[in-house]
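Q: Residue numbers (the working numbering), protein chains in the order written: chain A, 593 to 1388; chain B, 48 to 445.
One or more of the hints may lead you astray.
As the list claims (entries may be wrong) - As a list, the in silico DSSO-like pairs of lysine-lysine whose alpha-carbon atoms are at most 27 Å apart: (1) B/K183 <-> A/K961; (2) A/K1284 <-> B/K175; (3) B/K106 <-> B/K147; (4) B/K284 <-> A/K936; (5) B/K280 <-> A/K1278; (6) A/K1278 <-> B/K147; (7) A/K936 <-> B/K106; (8) A/K960 <-> B/K106; (9) B/K126 <-> A/K925; (10) B/K380 <-> A/K953; (11) A/K807 <-> A/K683; (12) A/K1060 <-> B/K258; (13) B/K243 <-> A/K925; (14) A/K1277 <-> B/K284; (15) A/K1273 <-> B/K251; (16) A/K936 <-> B/K243; (17) B/K106 <-> B/K126; (18) A/K932 <-> B/K297; (19) A/K961 <-> B/K175; (20) B/K251 <-> A/K953; (21) A/K953 <-> B/K280; (22) A/K961 <-> B/K243; (23) A/K1278 <-> B/K297; (24) A/K779 <-> A/K673.
What the hints assert, rightly or not - Covered, in the sense of this in silico footprint (three residues per stretch, anywhere, with C-beta under 8 Å from a C-beta of chain B), are these stretches of chain A: (25) 921 to 931; (26) 940 to 952; (27) 1222 to 1235.
Note that these hints are calculated values from the structure, not bench results.
Since we're looking at a predicted model, the values are computed, not measured.
Quick reminder that beta carbons are idealized off the backbone N, C-alpha and C, glycines included.
As a plain string of letters, each chain reads:
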Amino acid sequence: MKFMIEDLPVLFPYPRIYPEQYAYMCDLKRTLDAGGHCVLEMPSGTGKTVSLLSLIVAYQQFYPEHRKLIYCSRTMSEIEKALAELKALMKYRADQLGEVEDFRGLGLTSRKNLCLHPSVKREKSGSVVDARCRSLTAGFVKEQKDRGEDVDLCIYHDNLDLLEPHNLIPPGVWTLDGMLRYGEQQKQCPYFTARRMMPFCNVIIYSYHYLLDPKIAERVSRELSKDCIVVFDEAHNIDNVCIESLSIDLTEESLRRAGRGAANLERKITEMKDTDAQKLQNEYAKLVEGLRDADQARDEEAFMSNPALPDDLLKEAIPGNIRRAEHFTAFLKRFIEYLKTRMKVLHVISETPPSFLAHLKELTFIEKKPLRFCAERLTSLVRTLELTNIEDYQPLQEVASFATLVATYETGFLLILEPFESDTASVANPVLHFTCLDAAIAIKPVFDRFSSVIITSGTISPLEMYPKMLGFNCVVQESYAMTLARRSFMPMIVTRGSDQSQMSTGFQTRDDPQVVRNYGNLLIEFSKLTPDGIVVFFPSYLYMERVISAWQSMGILDSVWKSKLILVETPDSQETSLALETYRTACSNGRGAMLLCVARGKVSEGIDFDHHYGRTVLCIGVPFQYTESRILKARLEFLRETYRIRENDFLSFDAMRHCAQCLGRVLRGKDDYGIMVMADKRFAKKRSQLPKWISSALLESDSQMSVDQAVASAKKFLKTMSKPFPAKMQEGISTWSYEDLRKHQKKMEAEKPRMDEDGEEISYGQRVLAQAREMEDEMDVDEDMDAAMMEVEVGR
Amino acid sequence: MSRLAQPKTSPVIKRDGRMGGGAGGPDGELHNDIRRMNLDQTQSTNADLVATEICPVCKSSRYLNASLRFLVNPECYHKMCESCVDRIFSHGPAPCPIPKCGRTLRKHRFREQTFEDLRVEREVDIRKRVAAVFNKREEDFENLRDYNDHLNDVEDITFNLIEGIDVEETEKRFEAYKQANSREIEENAQMAAHEKQSFTQQQKVERHQAKQRREAARREEEEERREAEENRKDVLKRLASGADADTVAKEGQRVQLRKRMDRQAAAERQRQLQAAEDARNNGSSNFVIKGLKAKTKAEPEEPIDPFGGLRFVDSYYSLQDDYVWEGIQEAKKDVRQTAGGYDVMDYARRSLVAAFSGLGVFVADEVTQRDQVGQDAEAVGTARADIGVKDIGMVDAA
């Protein structure tokens, strides 16, 4: 279907379009035109990816700038799905336009998934593949070969050098499988093909980490131009990804290994002095001059790089006291030894980087400045020594990045030393957490560099939290409701058991037998009435185990067993995938099954329970984080002091976004249906924090139910759902044909003059925010303001 | 700046292993001892674990005596337990009981080791000594290259001392530097001490403020909860007295909202005030300048002008380089004339001055001036001088 959005012709690869897809595209175009960032929430299963891709590709092809699209997603399967969508879209475009456009779309993933080398690809672990690949493809290995030494090279990688560097792979969209096949045919390495072709692509699809993790982003994504369109899909967890990419945990074991790595380096230096002193001398001379290797920056083989150093620092010369290789290794050893000493302390310490540095200086005379250059100096040294077995130096690199980060950032980070794993442990197993508290640090370069960053997900409410936490301004933030021809999903909040006593997994009542029994009854009832699959989410593994054993002794599991097979998620991913497989089989063959899992586990993110795989999702308890964790406490305090986000607001926001993720698992499209049960009395107050599409479907009458009421209305709901529902009935309401779309556009045009009178067309959320700000400015209270305040209250 | 000359082009430091005699000798041995000690330790981690638990002198182990403490003496870095130290050294200095060591140790210098690795322990002691002397800061240098070179030199010296390479010579360099820069060293030490003090103070203040903020947040939350409770009670009371339910509920909400807004605004104002104050405080007390020394180029000096701006240039004539006149042609060439330093042009200049002097001098004016001078006896000298100046200047008079 082809239609126009303002002046832009869009080709959409399906004959019908959902109204929310159209709205989404309009907002997207507005953002791209304005050249700013945006946050968009669209219900899962309404074709977010395809509307995104079709609009942006249309935008690329129509406007002369040909802005590149960088599409970041979370998992491999999502990347593959996006590539397949893109391929279908381009095929449709070619059919419609009657010509194949000059277009390249590539996906990038790790070496492990893209390797073709016969022996390397058989390795199981990703880091081993990386290391072996480097030993076969590094620049100096090739030099050695040219000198006539007997070293192994990867033939797939070498063949790339024979091709034209800007045309390693013909235009078109290449799925990962397609790349592998093409690589096998042409005997060329798919991984390096993708890496090297990135500057010549129209669309790049890869994982978050290639853009957010500063250690990787520096190498992979530095050449992308400023006007790229960056999309973060499934971005509801983006702040945690940012934080993890800059946090480092050190243990005694890793320090020991780092110490060994430093000793190895020392030995290698002595060896090199005997054999090839000139090389060390060259490196030294370069460092004295303060010159970076021109090719060094672009070196794709480089395995270590700087974590987030400011640019002006990168141009400075390495400090004199770590210029010489042997001085540097001694420096590293001293630093590691100091960290070991710190680990011996038997009480919890939390300190800021400046006070850590002060203590470090007092004890070991290590200054801040050389510490800051630690990571870079190590990279340079490793390159000079031509080390290949790089995985041995991984812990050392970790220590070096730690050194660099701790000396670079004064705020936004905290060092927490926890000597014991738990409060009851008596044997010390110290861990030094260097935790990043500010999600904005890692993502700041992305916002600074690219003019349009789009953050989107199925569940990203409340929208204004993200710009606040990530430190950016957005031009559009919008949440779309789901248009439905019939009420195809039913969210409800169960606050009481059949005996009218309240249900909650709050700390005081969670082990109360009455509460556990009420939850058990809820489980039994829903297992009886739900066809096929049920998914149950618990707030934590610990609680799940406790409750399951209690249910076992109460005989609750036995009654569930009559109607459903019971499967449990465990922290082990292989066990879990086995359980999932069994679950699917049981759902498909009619036995029916129940999956008990954890709200922050693997199942809650990224595994879909569409159609009969999930007809009911039960969320037992509000999935709060473990609030006694010191890292979380530190982060909460930081958020309060820096961004004025209150502890409780953040905790509840975080719990609700995970809850929404869990609930969204069952509904994966418009022809799907399901029941969403939130079973905790605390949910009643948190209704407003659910995504718009869920909260708008949650009726007032369904928000304070007891178990028996819930069962009755669920039965009624399932009966209406079981009636046949031809697709024709959706037309014009939840799906639009071209005519419906035109009608809508005409209507909008007719309304437009009126809208202009009202002022600028800005989204509701912004309008409310603007009002709130105005109110804060003028202090005198009058009638108008009160009315506005009421609006704010409603808006929240 | 006195640069310690060391050929920087040789990255491979000459390694003498064992030093022959002199002051360097024992230190080199000590160094090798320690190296051997640590090698033994690293060779077998299991044995190492046991070794750290057993006193090498009395063989008592931590397994039997949980409160066993080990001490080292920075003289030789041999480890022994506390009771051995008491036993051997309480009657004054005694030789180290470890075989083949035999250094004289004193009890008061024994201390607990900070680092697990004794080599690092020793290294840090040496660094302490070096850092006390080589304490130049980045501000003392005009460009980064110099600063980095200085750091490199210092590191070379330290490294030599630690590894026992050329100890004698290095010590000499060390002492020389110390002598040459004693004043700067002291100044920088003072500055560092001051900085450290202000840093700890600042930290203390920050901790205090954080605590206060935490408390304030808690109070605020409590307040809010209390108010909400009160409001609810109020609404209930009014409802009980028979008011219209809708308006009461709305009003209650409104009151609560207004209160919250007020509080938020107040908190925001408070925060801004605090921030402003912080900024002011930072501006005055904790102001530390970092970075390279500012480069100031000396301005070119102006030529000395002894007559204070008075110049002997005439406007009536200009002196030519050469004058063709028979009278002086001869003299110009004559060696006898010029040998003594006589310049014939002097003659020309003098003649010209003589020829033009008096032009532009008006006698009538001078007469009136002289009359004035006569009346005003004190000014005579100066007036005379003025007139003289005019005579010479001629320009001024014109």
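Q: For each hint, tell me whether it holds in the structure or not.
A: Now for the hints, and whether the structure bears them out:
{"no.": "1", "hint": "B/K183 <-> A/K961", "in the structure": "holds, 14 Å"}
{"no.": "2", "hint": "A/K1284 <-> B/K175", "in the structure": "violated, 63 Å"}
{"no.": "3", "hint": "B/K106 <-> B/K147", "in the structure": "holds, 18 Å"}
{"no.": "4", "hint": "B/K284 <-> A/K936", "in the structure": "violated, 61 Å"}
{"no.": "5", "hint": "B/K280 <-> A/K1278", "in the structure": "holds, 23 Å"}
{"no.": "6", "hint": "A/K1278 <-> B/K147", "in the structure": "violated, 76 Å"}
{"no.": "7", "hint": "A/K936 <-> B/K106", "in the structure": "holds, 24 Å"}
{"no.": "8", "hint": "A/K960 <-> B/K106", "in the structure": "violated, 42 Å"}
{"no.": "9", "hint": "B/K126 <-> A/K925", "in the structure": "holds, 21 Å"}
{"no.": "10", "hint": "B/K380 <-> A/K953", "in the structure": "violated, 80 Å"}
{"no.": "11", "hint": "A/K807 <-> A/K683", "in the structure": "violated, 36 Å"}
{"no.": "12", "hint": "A/K1060 <-> B/K258", "in the structure": "holds, 24 Å"}
{"no.": "13", "hint": "B/K243 <-> A/K925", "in the structure": "holds, 26 Å"}
{"no.": "14", "hint": "A/K1277 <-> B/K284", "in the structure": "holds, 23 Å"}
{"no.": "15", "hint": "A/K1273 <-> B/K251", "in the structure": "violated, 44 Å"}
{"no.": "16", "hint": "A/K936 <-> B/K243", "in the structure": "holds, 26 Å"}
{"no.": "17", "hint": "B/K106 <-> B/K126", "in the structure": "holds, 12 Å"}
{"no.": "18", "hint": "A/K932 <-> B/K297", "in the structure": "violated, 62 Å"}
{"no.": "19", "hint": "A/K961 <-> B/K175", "in the structure": "holds, 18 Å"}
{"no.": "20", "hint": "B/K251 <-> A/K953", "in the structure": "holds, 18 Å"}
{"no.": "21", "hint": "A/K953 <-> B/K280", "in the structure": "violated, 59 Å"}
{"no.": "22", "hint": "A/K961 <-> B/K243", "in the structure": "holds, 17 Å"}
{"no.": "23", "hint": "A/K1278 <-> B/K297", "in the structure": "holds, 21 Å"}
{"no.": "24", "hint": "A/K779 <-> A/K673", "in the structure": "holds, 26 Å"}
{"no.": "25", "hint": "921 to 931", "in the structure": "holds (count 5)"}
{"no.": "26", "hint": "940 to 952", "in the structure": "holds (count 3)"}
{"no.": "27", "hint": "1222 to 1235", "in the structure": "holds (count 3)"}
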